[in-house]
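Undergrad: Same order as they appear, the protein sequences are chains D and A.
Sequential numbering of the first sequence, starting at 1, is according to my numbering.
Sequential numbering of the second sequence, starting at 1, is according to my numbering.
It is possible that part of the hints are untrue.
Stated by the list, open to error - Straight-line Cα separation of at most 27 angstroms, DSS-like style, residue types lysine-lysine; simulated pairs:
| id | chain 1 | residue 1 | chain 2 | residue 2 |
| --- | --- | --- | --- | --- |
| 1 | A | Lys127 | D | Lys128 |
| 2 | A | Lys280 | D | Lys127 |
| 3 | A | Lys280 | A | Lys263 |
| 4 | A | Lys263 | D | Lys127 |
| 5 | A | Lys128 | D | Lys128 |
Bear in mind the hints are in silico, worked out from the structure with no lab data behind them.
Number of protein chains: 2
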Amino acid sequence: MQIEERIQAAMLTHFDEVISAGTPPSLRAAMQHALFPGGARIRPQLYMAVAMVSGEDLPSLTDAGAVALELMHCASLVHDDMPCFDDAQLRRGKTTVHVEFSEPLALLTGDALIVMAYQVLLNQTTKKRLSHSHALRVLEMMNVLSQGVGVPHGIVAGQAWECESKVDLWKYQRAKTGSLFTAATCMGAVAAGANPAPWLELGESLGDAYQIADDIRDVIGHVELIGKPVGQDIEHGRPSAAQVLGLEGANAEFKRLIDNAAKSVPDCAGRDILRAMIFKESERLVPQREYQHYLEVSKQKQQQSELAA
Amino acid sequence: MQIEERIQAAMLTHFDEVISAGTPPSLRAAMQHALFPGGARIRPQLYMAVAMVSGEDLPSLTDAGAVALELMHCASLVHDDMPCFDDAQLRRGKTTVHVEFSEPLALLTGDALIVMAYQVLLNQTTKKRLSHSHALRVLEMMNVLSQGVGVPHGIVAGQAWECESKVDLWKYQRAKTGSLFTAATCMGAVAAGANPAPWLELGESLGDAYQIADDIRDVIGHVELIGKPVGQDIEHGRPSAAQVLGLEGANAEFKRLIDNAAKSVPDCAGRDILRAMIFKESERLVPQREYQHYLEVSKQKQQQSELAA
Numbered sequence: 001m002q003i004e005e006r007i008q009a010a011m012l013t014h015f016d017e018v019i020s021a022g023t024p025p026s027l028r029a030a031m032q033h034a035l036f037p038g039g040a041r042i043r044p045q046l047y048m049a050v051a052m053v054s055g056e057d058l059p060s061l062t063d064a065g066a067v068a069l070e071l072m073h074c075a076s077l078v079h080d081d082m083p084c085f086d087d088a089q090l091r092r093g094k095t096t097v098h099v100e101f102s103e104p105l106a107l108l109t110g111d112a113l114i115v116m117a118y119q120v121l122l123n124q125t126t127k128k129r130l131s132h133s134h135a136l137r138v139l140e141m142m143n144v145l146s147q148g149v150g151v152p153h154g155i156v157a158g159q160a161w162e163c164e165s166k167v168d169l170w171k172y173q174r175a176k177t178g179s180l181f182t183a184a185t186c187m188g189a190v191a192a193g194a195n196p197a198p199w200l201e202l203g204e205s206l207g208d209a210y211q212i213a214d215d216i217r218d219v220i221g222h223v224e225l226i227g228k229p230v231g232q233d234i235e236h237g238r239p240s241a242a243q244v245l246g247l248e249g250a251n252a253e254f255k256r257l258i259d260n261a262a263k264s265v266p267d268c269a270g271r272d273i274l275r276a277m278i279f280k281e282s283e284r285l286v287p288q289r290e291y292q293h294y295l296e297v298s299k300q301k302q303q304q305s306e307l308a309a
Numbered sequence: 001m002q003i004e005e006r007i008q009a010a011m012l013t014h015f016d017e018v019i020s021a022g023t024p025p026s027l028r029a030a031m032q033h034a035l036f037p038g039g040a041r042i043r044p045q046l047y048m049a050v051a052m053v054s055g056e057d058l059p060s061l062t063d064a065g066a067v068a069l070e071l072m073h074c075a076s077l078v079h080d081d082m083p084c085f086d087d088a089q090l091r092r093g094k095t096t097v098h099v100e101f102s103e104p105l106a107l108l109t110g111d112a113l114i115v116m117a118y119q120v121l122l123n124q125t126t127k128k129r130l131s132h133s134h135a136l137r138v139l140e141m142m143n144v145l146s147q148g149v150g151v152p153h154g155i156v157a158g159q160a161w162e163c164e165s166k167v168d169l170w171k172y173q174r175a176k177t178g179s180l181f182t183a184a185t186c187m188g189a190v191a192a193g194a195n196p197a198p199w200l201e202l203g204e205s206l207g208d209a210y211q212i213a214d215d216i217r218d219v220i221g222h223v224e225l226i227g228k229p230v231g232q233d234i235e236h237g238r239p240s241a242a243q244v245l246g247l248e249g250a251n252a253e254f255k256r257l258i259d260n261a262a263k264s265v266p267d268c269a270g271r272d273i274l275r276a277m278i279f280k281e282s283e284r285l286v287p288q289r290e291y292q293h294y295l296e297v298s299k300q301k302q303q304q305s306e307l308a309a
């Protein structure tokens, strides 16, 4: 089974397992809306690739970790889209949860998804004869995941940096986006019973690359391409690498980070496959043809306005 | 040390342990505002009393559980107070988090507190030689806590019932308030390595009693007494036992539930102390003098309006 299909199957199974008939129908529907159909599922894919090349021996635990990670990501999207943050109407090409349902339900959906992430992992520990190493692995997975989400350096803290008057751009972006990427690579290793430390750099590089890609797409992107409104950073006055480094500087930095990510993959059986995945993903994140096209058009416009002046 | 002091000390210690210097200052301040000074801390008190009479053998784990429970409760208060729910200005006699800080920070504070509840328990498992029984206990505590908060029957689901057009009053209240009380009694037993099942009824009875007490106070209360605006149920069109049963019916049901709670305490060394605690708490929840006074005044008013008609 391809990684994408495996993640989709796990998402469906765990959704039905946790959200039983007793759940309030609107909350259930709102949670489903937030989770299906998904986006690129890039974090669980990265996580699962690391677990597989690290020699996963408990596939159902690997699956649960992928779901937990994606639940946390979707929870943050639902809350970020709410009127008090981005006030976004569209996400993944469809209406956001608070628009489709209501603000109270969007708030509760995010909360329920955060708790559900732990429930999915805890459900892996309820069998009669749980081995000590299995128990420790689940605890460590929850630990890594919590660090990626909560205080002091997780995605929630990253969002909170937006509320500060003085912000260190890299610290902010590292927390806002990068922390769930490092959680993905490290938790993938832990799920397979491997040491997470050698996987930290891959998560950091990809997280930084992903954030810069987001900034670049926010400048060059079309709403059809990324499924959400563009120009959001400028509109919301958020710090952006594309503004600080300039578009060409940001693209050069993006390429450097992708190269660094590929180089950082530790020596393991699936090293080449994982590297190929990284380069393929990089092209999805910032299609170089789109980028070049935008650059040429904006240079032409600049020349025209210089001639006219 | 008294239970109240022990809980306060644990809250302070775990706050400093999780929220290190790297946390965004406003988020840290907002989380502090949400947690200190606390309300009655009734849930962690109940939890700790059960752990103590069940023969707690790992006091630092008991402490962590009390903090985790209170963090979940405070998270739900912060989110419930937000404009899209109760739009409350006051909580515990001071301004609510979104009023004091901002809506985005209130949203993030709730999220961070939910994750922190797990972090506090997970921090109990990071020592070098963690025994298997200790690991299993922490996992089971997180399991009980998650059920009390998430879907299908936790407090988040309880809140979501408010968004449904058809609501079963008891199902709604059992989830909205009761689920964290059953989590408190059951988690207290688990923390002490005891069987949680005999403690379920105590949690259910007290949860129901607490919710009815809230409804009664919403009718008879003064804002000075309960630290938040009264008449909220009617204003928000929320189902309330005081409306369904009438005030006197609700008070009779409250007393029956308290008696039932006291009777349900399983045979254990501290049984009498725990029962005395329950009766003392019942008087705090619905001061019978206040209740009688309100009843007399409203009967006099009714007689006067009948005479005038």
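Undergrad: Holds or violated: Lys128(A) and Lys128(D), Cα atoms, limit 27 angstroms.
TA: holds (25 angstroms)
Undergrad: Checking one constraint from the list: CA of Lys280(A) to CA of Lys127(D), max 27 angstroms. Satisfied?
TA: With a Cα-Cα distance of about 41 angstroms, the restraint between Lys280(A) and Lys127(D) is violated, given a limit of 27 angstroms.
Undergrad: Decide if the proposed pair is consistent with the structure: Lys263(A) and Lys127(D), CA atoms, cutoff 27 angstroms inclusive.
TA: violated (33 angstroms)
Undergrad: Against the 27 angstroms threshold, does the CA-CA distance of Lys280(A) and Lys263(A) hold or violate the hint?
TA: holds (15 angstroms)
Undergrad: For Lys127(A) and Lys128(D), compute the direct alpha-carbon distance and say whether it is at most 27 angstroms.
TA: holds (25 angstroms)
Hint violations for this structure: numbers 2 and 4, all remaining hints satisfied.
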